[in-house]
Amino acid sequence: MQKPGQKEHLYKLLVIGDLGVGKTSIIKRYVHQNFSPHYRATIGVDFALKVLSWDAETVVRLQLWDIAGQERFGNMTRVYYREAMGAFIVFDVTRPATFEAVTKWKEDLDSKLVLPNGKPVPTVLLANKCDQGIDVLMNNGIKMDQFCQENGFVGWFETSAKENININEASRCLVKHIIASESDPIQSIEPDIIKPHLNSSKIVSCSACFKS
Amino acid sequence: SLIKTGSKPPTTPVKLKKVSTFQEFESNTSDAWDLGDDDDELLAIAAENLNTEVVMETAHKVIQNHSKLQEQHKLQEEQLQEEKQVESSELSSVAYGDNRLVKSVSEGHTSSSSDNASENSSMQRSQSLPQTSTPPLVSGIADHSTSITSALTEREASRLDKFKQLLAGPNTNLEELRKLSWSGIPKQVRPIAWKLLSIHIDIPRMSPEVLRLQPKVTEIFERILFIWAIRHPASGYVQGINDLVTPFFVVFICEYMEDDEVENFDVSSLPEEVLQNIEADSYWCMSKLLDGIQDNYTFAQPGIQKKVKMLEELVRRIDEQVHRHLDEHEVKYLQFAFRWMNNLLMREVPLRCTIRLWDTYQSEPEGFSHFHLYVCAAFLVRWRKEILEEKDFQELLIFLQNLPTMHWGNEEISVLLAEAYRLKFAFADAPNHYKK
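So the sequences go chain by chain: R and Z. Under the UniProt record's numbering, the first residue of the first sequence is numbered 1, with each subsequent residue one higher. Under the UniProt record's numbering, the first residue of the second sequence is numbered 1, with each subsequent residue one higher.
Any given hint could turn out to be false.
[What the hints assert, rightly or not] What follows is a set of in silico ranges between Cβ atoms, one per label pair, in the way DEER data are often shown:
1) Z:P302 with R:S36: 30 to 38 angstroms
2) R:E107 with Z:Q276: 40 to 48 angstroms
3) R:R172 with Z:P233: 21 to 29 angstroms
For the record, the hints were derived by calculation from the structure and aren't laboratory data. Backbone N, C-alpha and C fix where the C-beta goes; we use that ideal spot for every residue, glycine too.
With the rest of the complex left out, here is chain R (with noise of 0.2 angstroms):
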C-alpha cells in the first residue's frame, strides 16, 4: 500500500463512551462499511485497523481501539489508554443519561493520558444514533460549541452507524488535528467548533480542516 516516498502515520484511537451508545457499530462502519443492530457487548477491548490515503505523500493507519462501556471496566482504561494518540467519545443522543457520562469519560481520559507535550489527547465527541429522530440536542447546537469549548473537545459530530452519517468527516477531523498537534507539538490547537446543517447533515465541515 505505501508507496516510495510515501510518509506513514500510525495512530491509535480510543473509542469510549456508555455502553450501548455505539461504538462497536461506529468502528464497523468506519472499518467494514456494514451494520447490524445485533452486535453483543464488547467485552475489555476491541481491536480494529483502518488505512486511509491521507494525501498523495501520506497514509494513516488508524488503531482502533473499542472499550467496553461499563464503568466497572473502568479500572482497566488506564491499560487501554495507554500511548493513545487521540479518541472518540461517543454517546446517544437518544438517552441523556449517556451524555451526562461524557464529562466522566471525558476526565477519566485526561486523568491518565496526556501527550508527550503534556497537552491533553485531541478528542472529538460524536452524537450517535442522529438518525433515531429523538434527538435530545435538537436545536442545540450552540449549547453544544460551548460545551465542547469548555470540556476541552477539538470538535463534534452527529453521526449515524446505521445511515453511515458523518462517521468519516470525524474521523478525518480527529486526525488532522492529531497530525497539527504532531508537526508543531508546543503550538497548541484552538479547540473547533462544528455546526451540523440539522437538515441536511450528510455533509459536515470541521473548521479547522481548513486552517492547515
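Based on the hints, put chain Z in the right spot on chain R.
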C-alpha cells in the same frame, strides 16, 4: 449413600473451618441467601478470599441433600403411588429437573437395550472400574482423538450405555458421573447429566443469535440475570454474564426439540410450564457456575485480572518463544485474554464447543475457576505457528481477537482438553508455577 462414600472424607476440623469460611464469604458479599447464624465465630475465622474447595464442597452438600430428598420422594412415590408429590418439591425440581427426567432416562434404557446389549454394557462397566481409579480422562481423550469413524459409533454406543447404567438407579454416583462426563456426554443424556453435575450436544446448527432474538428468550434471560444480580449485590450485572446462561438454556431446551427443528425453533411454542422449568434450571445452573468464579465479577474484576496474570506466567513457562514473541510485539495478555476469562472462551469458539467444554468443566474439580486457566494456555499455544508468523502488532491482535475456530467441533475441543490436562498434571506438583 453412594455419593457420600464417593466424595473425599475430609478431617473434621478442616471441614468445620471450611463451612464457616464459606458462610463468612456469603455474609461478606451481602448475599441475600441464608446467612450463617454464629456471627462472632464467623468473624473470628474471617478469610479474605473464597476458597474454591469450599464452594465445591458446599455444592456437593447441596447435591447430597437433594439426593436424600430425592430418595425420600422415591419412597413416598412407592408408598403413595402418586407422582404429584414429587413435583411439589421445589428442591428436587431445582437440582434434578424433576423425577420425570430421571425416569424417562431409565425407561429409555430398559426399553432400548436388548439382553445382549445390557450384558455388554455391564461388562463394559466392570472393565471400566479399574480405569476409574486412575485419571480416567487421558484414556478417554486419546480414544477421541485417534478413533476411526466406524469404531466411534460403537464406542459412543457403549459410552451411552455406561451413562444410562449410571443414571438408571435412584441415586446417581456423582463421582462416577464426573469421570464419565469428562470426555464428553452423549447428547441423549446431557440435559440430565448437566443438571446432576451442576446442581445441575451436538447442536451444531443451533445459532445462539437466532435464539436470543426471540422475545420470549430475551424475557427469560432478563429475568434470570435480574434475579441473579439483585441476589448478588457485590457483583451486580457484568457484561458477559448473559453469555453464560446460553449453554444451559440451549442444552435444556434441546431436550424438547427434534433434530430437524434446531435451525428455526420457536421457543414460544413450548408450554409455559416447560419454559418455567427450563428457566429455573438455567438460573440455578448459572448460579452454581458463578459461585465458583465470584471474584471475576466483583468490582474491578480482580479474579479476571489475577487469572490473566496467571495465564501470562503459565505461557511464559510452557512456551517461552510464544511468550517472548508477544512481548516483543507489545501484545499484552489483557488485550486478548480478558475476554477469555470473562466469557470462559465462549466468544472464541462456537457454542457447540462451549457446550462440550462445559461437559468437562462440570466434571473437573474447579473446572470453571482453575482448569479453565490451563485450557486457555493450551488454547493460546495451539496457535503458536500462526502467532510466530505474525510480525506486526496490529495483525497479531486482530488474529488473537478473531481466532479461526468457526469449523471447530468435539475433536478440536478434546485435543485442547487433553493438552490442558497434561499441563495441569505437569504443574500439579509446582504450586507456585505461575509465579516468577
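Hint-by-hint comparison with the structure:
1. Z:P302 with R:S36: 30 to 38 angstroms: Given a distance of about 33 angstroms, which is inside 30 to 38 angstroms, the answer is holds.
2. R:E107 with Z:Q276: 40 to 48 angstroms: holds, 46 angstroms
3. R:R172 with Z:P233: 21 to 29 angstroms: Given range 21 to 29 angstroms: violated, Cβ gap about 46 angstroms.
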